[in-house]
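Those protein sequence lines, which keep their order, are chains A and B. In terms of my numbering, the first sequence opens at residue 1320 and continues consecutively. In terms of my numbering, the second sequence opens at residue 319 and continues consecutively.
Be aware that a few hints might be false.
Some chain A residues flagged as far from chain B (calculated, every beta-carbon gap over 12 Å) [to be verified]: (1) L1470; (2) D1486; (3) R1487.
In silico contact screen, one side only, chain B against chain A (beta carbon under 8 Å); selected entries [claimed, not checked]: (4) T376; (5) R426; (6) V428; (7) V432; (8) E475.
Label pairs and their calculated CB-CB ranges [stated by the list, open to error]: (9) A:P1336 to B:T429: 48 to 56 Å; (10) B:R433 to A:V1352: 51 to 59 Å; (11) B:G361 to A:L1373: 22 to 30 Å.
To be clear, the hints were calculated from the coordinates, so they are not data collected in a lab. We put the CB at the ideal spot given by N, CA and C, even for glycine.
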Amino acid sequence: MTVGVHRPGTTLLHRLPVGAKLLGLALLSIAIVVVRGPVSALVFLAVAIVLALLGRLDLRLVARSLRTVLVIALLVALLQWWLFSLDRAVESLLDLVSLALLALTLSVTTAVTAMLDAVVRWLGPLQRTGLDPDRVALTIGLAVQALPGTLALAQETRDAARARGLDRSPRAHLTPFVIRVVARAHETGDALKARGIGE
Amino acid sequence: MPEIRFEDAAVQVEDADGDVRTILAPTSLTLTEQRIGVIGGNGSGKSTLARLVNGLVTPSAGRVLVEGLDVARHGAAVRRRVGFCFTDPAAQLVMPTCVEDVELSLRRTVTDRVRRKQLALDTLARFGLAERADVSVHALSGGQRQLLALAGVLATEPTVLVADEPTTLLDLRNTQMIGDLLFSLPQQLILVSHDLDLVRHCDRVLVVEDGRVRFDGPAQDAVTDYVASVARAPVAGGGSW
Chain A
1320 MTVGVHRPGT TLLHRLPVGA KLLGLALLSI AIVVVRGPVS ALVFLAVAIV
1370 LALLGRLDLR LVARSLRTVL VIALLVALLQ WWLFSLDRAV ESLLDLVSLA
1420 LLALTLSVTT AVTAMLDAVV RWLGPLQRTG LDPDRVALTI GLAVQALPGT
1470 LALAQETRDA ARARGLDRSP RAHLTPFVIR VVARAHETGD ALKARGIGE
Chain B
319 MPEIRFEDAA VQVEDADGDV RTILAPTSLT LTEQRIGVIG GNGSGKSTLA
369 RLVNGLVTPS AGRVLVEGLD VARHGAAVRR RVGFCFTDPA AQLVMPTCVE
419 DVELSLRRTV TDRVRRKQLA LDTLARFGLA ERADVSVHAL SGGQRQLLAL
469 AGVLATEPTV LVADEPTTLL DLRNTQMIGD LLFSLPQQLI LVSHDLDLVR
519 HCDRVLVVED GRVRFDGPAQ DAVTDYVASV ARAPVAGGGS W
């Protein structure tokens, strides 16, 4: 899923303060998880679609971003159907898609730097307890940014295993992937240090 | 130009068996030229020498001073003066979009959000990336990524730029573009490179071999010395396929 790629704009969602958007996302997410049943799941999906339309999300971006989520959601739904009932399966499928769409909408309409500024502002009072708001904000920013980078590493590792005829070996996929992720984390740490960020 | 001084600076590491390995033997140098090249084979210690300049590596013995500041004791202050550009820009770009990545560099010095964004946009424009401001860093070409990495480093206007093999992953066109850019900068430049054509433009070149600076002099002489030393050295595996 493509997260963290902000598209500038002037829609209502682009103009809303970061705090309001994050609070809205948190409340909606809790409601989606807590309120049960396929009908309410459908209503929440409709809300997520309306918000995505309000944010003028690019349809191609939505399709590309939700492709993987949709596959996972379908697998989960099939499992739910087999284990429980069709109602539970539909609810799971719709809930997962709604959550992903809401996260994507927030991501597209909010710059990561704006989120970092908001986190720094909110955590400011905790500075007296020894907490470094800048560092916390940077950690959140890095977590968002790490997703596409880690997916790219997974793809490269899979291609490398295939090229050596090892596409059925989980070890040939996992071991180099973990090593490369750790190595990338070290490189990123060096790069941050070199840029004097987080000091 | 700023003065960078190595005073018997050495780097040693302990390996898993407890054996001490010398990465850089005690080295004393005073660097005041505007463009300094560092060449040598893989694993020769040239990157370690470059990393000592902004404290990414601290010396096990001796010290390194940048404008009189001891890198080991005043790391943060030194890094405000010394920018560092890595071989692989993917490791260096840590924000989702181009403008956000440059903004991240400016967070330390510019607190006003509007001014920070404007400065980031101005920096991108200077590097020919104005139209890519809101594009994902993952959607850039190799050359554009390296340009962005440089923009992120130079946005804070350091007095020294250390570039560790900045063209190794680039094609010929992008190598020329990044090379032209590096040599047009007003900053003091320490360029670690395998590209001998690029290094020929430096005022002074260090040849590093087996953790020692084996030659230190004008670019042409250094390149000649390095090429001759490579020709003399036996090739691992016999040199035939």
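Here is how each hint holds up against the structure:
no., hint, result
1, L1470, "9 Å, violated"
2, D1486, "24 Å, holds"
3, R1487, "29 Å, holds"
4, T376, "11 Å, violated"
5, R426, "6 Å, holds"
6, V428, "12 Å, violated"
7, V432, "11 Å, violated"
8, E475, "12 Å, violated"
9, A:P1336 to B:T429: 48 to 56 Å, "18 Å, violated"
10, B:R433 to A:V1352: 51 to 59 Å, "41 Å, violated"
11, B:G361 to A:L1373: 22 to 30 Å, "56 Å, violated"
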